[in-house]
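Engineer: Starting from the known structure of chain B, arrange chain R on it as the hints suggest.
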Amino acid sequence: MMEDAERALLRSTVEDAIADASASTDDRAAVDEALVRIGWREMLCAEPRDAIEIVFGALGRTNATATVLDDVLAAGLGAQPRPDLAVLLPWFAGWGPPGSLDGDRVHLRGIASVRAATAAELLVVCAAGVELRTVTVPRTVADVGAVYGVDPDGGLRLVRGEVPAADAVPLATATWDAAVACGRRAVARQIAGADRAMLDLARAHALDRVQFGRPVAGFQAVRHRLADSLVAVEALEASVCAAWDESSPDTAAVAKAIAGRTNRTVTAHCQQVLAGIGFTTDHPFHRYLKRTMALEGVFGSADEIVVDVGRRLVAARSVPTLIEL
Amino acid sequence: MTTPSPAALLDADRVTIAEYRAALQAWLDEHHAELAPRYSPPGTLDEHVAQMQRVKSLLFDAGWMRYGWPERVGGLGGSPMLRTELGASIAARDLTDPGLYSLIEVLAPTLIEFSPPALAAKVVPRLLSGAEMWCQGFSEPGTGSDLSSLACQARPDGDAATASAWIINGQKVWTSLAQYADRCVLLTRTGPPDSRHRGITAFFVDMDSPGISVAPLEMINGMREFAEVFFDEVVVPADRMLGELHGGWAVAMSILPYERSSCFWQRIAYLYRRLQLLVDIAPDDDRTAEVVGDAFVQLHALRARSRATQHRLADGATLGAETSIDKLLVATAEQSIYDAARRLLPGVVEMDDGVIGATWRSEYLYSRAATIYGGTAEVQRNIIARRLLDLGDDG
Chain B
1 MMEDAERALL RSTVEDAIAD ASASTDDRAA VDEALVRIGW REMLCAEPRD AIEIVFGALG
61 RTNATATVLD DVLAAGLGAQ PRPDLAVLLP WFAGWGPPGS LDGDRVHLRG IASVRAATAA
121 ELLVVCAAGV ELRTVTVPRT VADVGAVYGV DPDGGLRLVR GEVPAADAVP LATATWDAAV
181 ACGRRAVARQ IAGADRAMLD LARAHALDRV QFGRPVAGFQ AVRHRLADSL VAVEALEASV
241 CAAWDESSPD TAAVAKAIAG RTNRTVTAHC QQVLAGIGFT TDHPFHRYLK RTMALEGVFG
301 SADEIVVDVG RRLVAARSVP TLIEL
Chain R
1 MTTPSPAALL DADRVTIAEY RAALQAWLDE HHAELAPRYS PPGTLDEHVA QMQRVKSLLF
61 DAGWMRYGWP ERVGGLGGSP MLRTELGASI AARDLTDPGL YSLIEVLAPT LIEFSPPALA
121 AKVVPRLLSG AEMWCQGFSE PGTGSDLSSL ACQARPDGDA ATASAWIING QKVWTSLAQY
181 ADRCVLLTRT GPPDSRHRGI TAFFVDMDSP GISVAPLEMI NGMREFAEVF FDEVVVPADR
241 MLGELHGGWA VAMSILPYER SSCFWQRIAY LYRRLQLLVD IAPDDDRTAE VVGDAFVQLH
301 ALRARSRATQ HRLADGATLG AETSIDKLLV ATAEQSIYDA ARRLLPGVVE MDDGVIGATW
361 RSEYLYSRAA TIYGGTAEVQ RNIIARRLLD LGDDG
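Heads up: the sequence lines are chains B and R, in that order. So in our numbering, the last one in the first sequence is 325, and the numbering has no gaps at all. So in our numbering, the last one in the second sequence is 395, and the numbering has no gaps at all.
Among the hints, a few may not be true.
[To be verified] Now the in silico label distances, taken between C-beta atoms and shown as ranges:
#  : chain 1 : residue 1 : chain 2 : residue 2 : range
1  : B       : Gln272    : R       : Ala26     : 24 to 34 Å
2  : B       : Ala46     : R       : Asp182    : 57 to 67 Å
3  : B       : Ile277    : R       : Leu365    : 58 to 68 Å
4  : R       : Arg342    : B       : Asp303    : 17 to 27 Å
5  : B       : Val147    : R       : Arg342    : 36 to 46 Å
6  : R       : Asp146    : B       : Ile277    : 29 to 39 Å
7  : B       : Ala221    : R       : Glu47     : 37 to 47 Å
8  : R       : Pro346    : B       : Asp303    : 20 to 30 Å
9  : R       : Asp353    : B       : Asp303    : 31 to 41 Å
10 : R       : Asp284    : B       : Pro164    : 41 to 51 Å
11 : R       : Val379    : B       : Gln272    : 47 to 57 Å
[Stated by the list, open to error] Non-contacting residues of chain R with respect to chain B, defined by C-beta distances greater than 12 Å in every case (computed):
#  : residue
12 : Arg14
13 : Ala36
14 : Val49
15 : Gly99
16 : Ser129
17 : Asp146
18 : Ser148
19 : Gly191
20 : Pro193
21 : Ala289
22 : Ala358
23 : Ala369
24 : Asp393
[As the list claims (entries may be wrong)] Heads up, incomplete: computed chain R residues facing chain B, CB under 7 Å, no partners named:
#  : residue
25 : Ala12
26 : Val15
27 : Ile17
28 : Thr288
29 : Arg307
30 : Leu328
Everything labelled a hint here was simulated from the structure, so no lab data went into it. All C-beta atoms, glycine included, are put in the ideal place defined by N, C-alpha and C.
Just chain B, with the same shape it has in the complex (with noise of 0.2 Å):
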């Protein structure tokens, strides 16, 4: 773990170098590069958990596009993160394989990030029976009848097709547990960055707006929201917080499960402050909207985290404690 001071550099580094790349070009390669020539894959290995927390918090913060997401989890399949490897996510919602291997071909039902366009292999983890094996596909595949949904510009999209297999790699399930974990707490983690930045547009909204002779801030109904949505954004990242403090797939798929509620109760109050202006494509609420849409799918959505999760603890009538003081 890192000093706080050296914490708070590395924070304002980061977000720094995505407000200049995004400032500066559309691309989302930019932000990619800038992170790169900022040592992103080097902290991801050195100090993963300040690594992701920083980096998927500036993005979530600043709405940036940028394919990080595939390095995590290329480093917790225990392949070398590089920028040519894509790998492939499990399909919205859920959180399986997005690989299915059956004789010697490979059915894939995922969702691809942008890197999945250009880079040279897509990483798949396939079922295979009850066992998991990876396979390295040509990433042209990720082209096959894309669907790109409520937010082209993030770059997710739903992958399905079929190639052939080649060289499937048997893999332990607690590796890919371990990985969906990790991934999980990333985008936890990017989700409270964009509801942070969503709070703080209505907030900003609700003091400039002036209705009935003063800022609608003054009425209790709109205060009431905000301070709702804030209670649901710092129990959130208490969550995350406490998903690395104790790591283990469970502490990360609720943490996930949590991002997903907290989303809906966010974006919720902060549009209806926002109102009018808000439903429009000229403030930026909009994007953080879409963008979270789409995030809270991403290794599994609230309600499917929570009927699983409740599934456990009722097949074995046991209420355990996920966290110690």
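Structural biologist: Showing chain R alone in chain B's frame:
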């Protein structure tokens, strides 16, 4: 010398929370039969109170109750998180009601910080060991959320600067367990009626003083946890003043960090236990999975937040307005658990007169107050809006 116990083997200043927890859990397992309630659930308030005092006495004698309290009040020293862990451990085992037990955390730190040292040394061990019960006289009929409007009057017997006694007249309400209490931490008006928070003074009052009468109120679940307390020319020695003359607001505010940290951690342990009891008997179907999963996720978010708060307090932070977030999360999670029970056990909360029904019903009804007591949910949101979001004044 007291008999050596497992607790006495731990060095309060060096033991980690995890080591303390492990040793404590082993001791609680070993003494389960001795500690378990002697009544059948749900039990009466008399039974709950007797159980709590008995458990406190056993824990104090074994040393557990003394960790995390300063040595000058009979403690063994060490991090306050140790006593937080103790409160949570006994709540998780349903050995005491955390609402009653939490009065220790609310009142003992106040005495330690604001009373003359000799008084704290004498009375705090009596509270910890279950020899005494104390109550908190804050709210009044005209003073709910707006505490600084309180009116219960204390006037000096002579000149304020040199008075040897103060005379108290007025009324308190919502005073938990007043009918059992030996002492009361009482807020009084010592300034002009409109002096708000600048004219309040705290006293430590013996409840057997002539002129005090207590009238318990029956709550929605049939229990009489709260009471009205009437003060008619009650004489209190001047050396029972807590803090400075007109300094009562600081005394009242000093309670907040403990009420919002260690007490909440205990309440959370109790809520996990409630969800466990629900999972024990709920049908194994899809609806249960969804409802239980939802409650669990909500509880976890609260626990993560509260955990961070405990660590901030232990690291020396001054807790303030941000604990309104903890308060809202606790209240919401508590009501969600009992709403879940009603959904998953239809007819049990409403129409079952057996042990399970009576217990869930009593607790369900009580849980409706979670968004009211200790500062309403609306007041918490107002504080968050003004102090944390800096939205300026309302209205």
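Engineer: Work down the list of hints and note, for each, if the structure agrees.
Structural biologist: Verification of the supplied hints:
no. : hint                               : verdict
1   : B:Gln272 with R:Ala26: 24 to 34 Å  : 52 Å, violated
2   : B:Ala46 with R:Asp182: 57 to 67 Å  : 59 Å, holds
3   : B:Ile277 with R:Leu365: 58 to 68 Å : 45 Å, violated
4   : R:Arg342 with B:Asp303: 17 to 27 Å : 21 Å, holds
5   : B:Val147 with R:Arg342: 36 to 46 Å : 42 Å, holds
6   : R:Asp146 with B:Ile277: 29 to 39 Å : 36 Å, holds
7   : B:Ala221 with R:Glu47: 37 to 47 Å  : 45 Å, holds
8   : R:Pro346 with B:Asp303: 20 to 30 Å : 23 Å, holds
9   : R:Asp353 with B:Asp303: 31 to 41 Å : 37 Å, holds
10  : R:Asp284 with B:Pro164: 41 to 51 Å : 43 Å, holds
11  : R:Val379 with B:Gln272: 47 to 57 Å : 22 Å, violated
12  : Arg14                              : 16 Å, holds
13  : Ala36                              : 21 Å, holds
14  : Val49                              : 27 Å, holds
15  : Gly99                              : 20 Å, holds
16  : Ser129                             : 24 Å, holds
17  : Asp146                             : 16 Å, holds
18  : Ser148                             : 20 Å, holds
19  : Gly191                             : 30 Å, holds
20  : Pro193                             : 28 Å, holds
21  : Ala289                             : 4 Å, violated
22  : Ala358                             : 22 Å, holds
23  : Ala369                             : 19 Å, holds
24  : Asp393                             : 7 Å, violated
25  : Ala12                              : 16 Å, violated
26  : Val15                              : 13 Å, violated
27  : Ile17                              : 5 Å, holds
28  : Thr288                             : 5 Å, holds
29  : Arg307                             : 6 Å, holds
30  : Leu328                             : 5 Å, holds
The earlier numbered hints that this structure contradicts are 1, 3, 11, 21, 24, 25 and 26.
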